[in-house]
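So the sequences go chain by chain: L and W.
Quick note on numbering: my numbering labels position 117 of the first sequence as 337, and the sequence is numbered without any gaps.
Quick note on numbering: my numbering labels position 309 of the second sequence as 529, and the sequence is numbered without any gaps.
Please note: incorrect hints may appear among the correct ones.
Treat identical chains as interchangeable: a pair holds within one or across any two.
[What the hints assert, rightly or not] With a straight-line Cα cutoff of 16 Å, these simulated EDC-like cross-link-like pairs (lysine to aspartate or glutamate) come out: (1) K252 <-> D555; (2) K450 <-> E583; (3) K450 <-> E431; (4) K605 <-> D575; (5) K344 <-> D555; (6) K252 <-> E307; (7) K277 <-> E456; (8) K269 <-> D459; (9) K277 <-> E238; (10) K449 <-> E431.
Derived from the structure by calculation, the hints contain no laboratory data.
Note that the structure is predicted; figures quoted are calculated from it, not measured.
Number of protein chains: 2
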Amino acid sequence: MITQYYTPTKVIFGSGAEMHAGSELKARKAQKVLVHYGSGSAVRSGLLKKVTDQLDKEGIAYVQLGGVKPNPRLSLVYEGIELAKKEKVDWILAVGGGSVIDSAKAIAYGVYNPGDVWDFYSNKRVPEGALPIGVILTLSATGSEMSDSSVISNEDGGLKRGYNSDYSRPTFALLNPELTYSVSPYQTSCGTADIMMHTIERFFHAGRGLELTDNLAMALIRTVMENGKKALENPEDYDARANLMWASSLSHNGLMQTGNDQRGDWSCHQMEHELSGMFDVAHGAGLAAIWGSWARHVYKTNPERFALFGEGVFGIKRTADPEKDALDTISMMEDYFRSINMPVNLKELGIDPTDDQIEELTEKATFFGKRTLGSFMTLQREDMKAIYLAARN
Amino acid sequence: MITQYYTPTKVIFGSGAEMHAGSELKARKAQKVLVHYGSGSAVRSGLLKKVTDQLDKEGIAYVQLGGVKPNPRLSLVYEGIELAKKEKVDWILAVGGGSVIDSAKAIAYGVYNPGDVWDFYSNKRVPEGALPIGVILTLSATGSEMSDSSVISNEDGGLKRGYNSDYSRPTFALLNPELTYSVSPYQTSCGTADIMMHTIERFFHAGRGLELTDNLAMALIRTVMENGKKALENPEDYDARANLMWASSLSHNGLMQTGNDQRGDWSCHQMEHELSGMFDVAHGAGLAAIWGSWARHVYKTNPERFALFGEGVFGIKRTADPEKDALDTISMMEDYFRSINMPVNLKELGIDPTDDQIEELTEKATFFGKRTLGSFMTLQREDMKAIYLAARN
């Protein structure tokens, strides 16, 4: 089978990386930049001023749009598109984490293409391009800084939908681990879980995997687990933050699936999207809360794969009984999630969906009867419902 | 410190990847392509015809230039530049291994920039661009298919010199592991050694390394060692060839140094360049032949680093004596090289330089007194000579 690896994003990594924004934009002849950001912390920390000072110095015009929230909203995307068109913006600079970058990607599609940008996220049309995007990353989690993906929440119907295309891979990404020192313990844990899950979703597939990719994947997960803990112990541990930051990019830029027959399973991501679409929970926490139930539902399909994962990630000694090894592996993963204060079920996630809400989550996860999920094991409607129920109980 | 990761090359990987040449060139509006290749094997195997058939089908004009030899010669580069200019070539398609790709890169510089292309390789000037390059890879070794580097041999003086710039990163690379089934056992071993050494050179540096990069590096080396052996046992083992091929790209595209303070040591590469410049030995074999002598000369600078490498790659149990662990690690690496029939000294490499030749090698390695080598330990003239002598004895 043919796979592609395409990561054109120029990464500048290290202390002070954010100070390259002006020169990178200048080198690419940016005329007018939409500086997109989230909460007031980018303002309060002085980061935004560092950015606009660079643009002033390089003589590059700009407009600003803040207010991006976690699970970025379509309404703000519309606002950004309107603003960018009015102001004839030709570049977007996303200053923030995955939500800001994803919002920037949606605006970039919306400005470049006529019609309603939600069409792309609801799979009605495909875009023909996007405005170029630069990133200053302030949260290590989604990997959106190098990935082809973005996820937007439509308040109308509580739907959360992703769209992937190479047009949305940022042109450059400025990665300074110090900018994540102020990330809260909870968000650090959510980020750690999210980074791990981007590789885990790719690791569990039904096809033939490339051993090199498997080994890189397990090395990345081990490193993330260790450094997630270190960052919780000491939020200003440069090395821990640096490992998480670079892992966030590598976990989701395609490296961890190259040479594999399939791009991965992704059931947990899809089922989590519906959870955070309805309950507005943190994505990383939602993933951790559902993974164990997914794993116990599917592991018998290929217990060897779970056992290999347990050996490579947790160092378990494999026995003659791969099903036992698989269950041990699943328990150890849940133990790790608990050790960084991540939930391993919906109650710990802080939600308690009613039976009707479980039906609604399931219905939405099937795209209203239009799809199955997964590749490690194909999930039908009843599988999804069973997993949601298991996660609730 | 700031590091960059920039790998814009679009990789298409898997069985049949070479059949994407026509469409990739067409999508990029190539008008006239120089198809550059090495020996007659590309003709005899039918690969070249597969390529020109695609170009014919897409209506893309082309000229051909074969005859690239290992340690690619400047004289053929000049010929290629002249031909490309005369024929108004706007794209180069390299069909072969590292020598063909490096020759293509030199031609790409020479066509784009006025003056003598050797100026770039002898550090007299820097280029301002290069023709775009596509690659169909037939040998897993140098990583030139994604790297920014190329190495050319100037017959006039027996000099072998490299030049690095992002201009020479191929636009696309088509990687079909099956195209390497016919690679000889000796070349398979040389390729394995070369791939390992691209990551080893980066692993040994004097700065602070990123743990993630260290762990990915050691995972890659372990995987290459295992699959190099498998490919020798069964040359048509798709998985073994696939692992070697993708490892060759990842080992030299910059991934294995991202986040590290320094880009690596590279002493062995520089000292080997002089060996193959004078004696025309295979690059991978030359690296294996000199590494142990380099390692024993420098390990006391930081034996912990060698011990970490031994633990991660060979699974050695570390003792209270890191110098002992380092020496064990060096021996185990030499044992591995021997196990794939690679030399661990100059005699086994098949050369026996005279004292005068050792002086000449040393003089050339210092760029005639103009440089030191290495970062793990800075090598002065007398260090280089001691290493050449140790490798001879």
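Verification of the supplied hints:
1. K252 <-> D555: Close neither inside one copy (49 Å) nor across copies (60 Å); limit 16 Å.
2. K450 <-> E583: neither (40 Å within a copy, 48 Å between copies)
3. K450 <-> E431: Close across copies (12 Å), not inside one copy (29 Å); limit 16 Å.
4. K605 <-> D575: Within one copy only: 10 Å inside a chain, 78 Å across chains, cut-off 16 Å.
5. K344 <-> D555: Neither, since 41 Å and 59 Å both go past 16 Å.
6. K252 <-> E307: Answer is within; shortest intra-copy Cα gap is 8 Å, inter-copy 41 Å.
7. K277 <-> E456: neither (30 Å within a copy, 58 Å between copies)
8. K269 <-> D459: Close neither inside one copy (26 Å) nor across copies (51 Å); limit 16 Å.
9. K277 <-> E238: within (15 Å within a copy, 47 Å between copies)
10. K449 <-> E431: between (28 Å within a copy, 14 Å between copies)
Consistency with the previously given hints fails for numbers 1, 2, 5, 7 and 8, ordered from lowest to highest.
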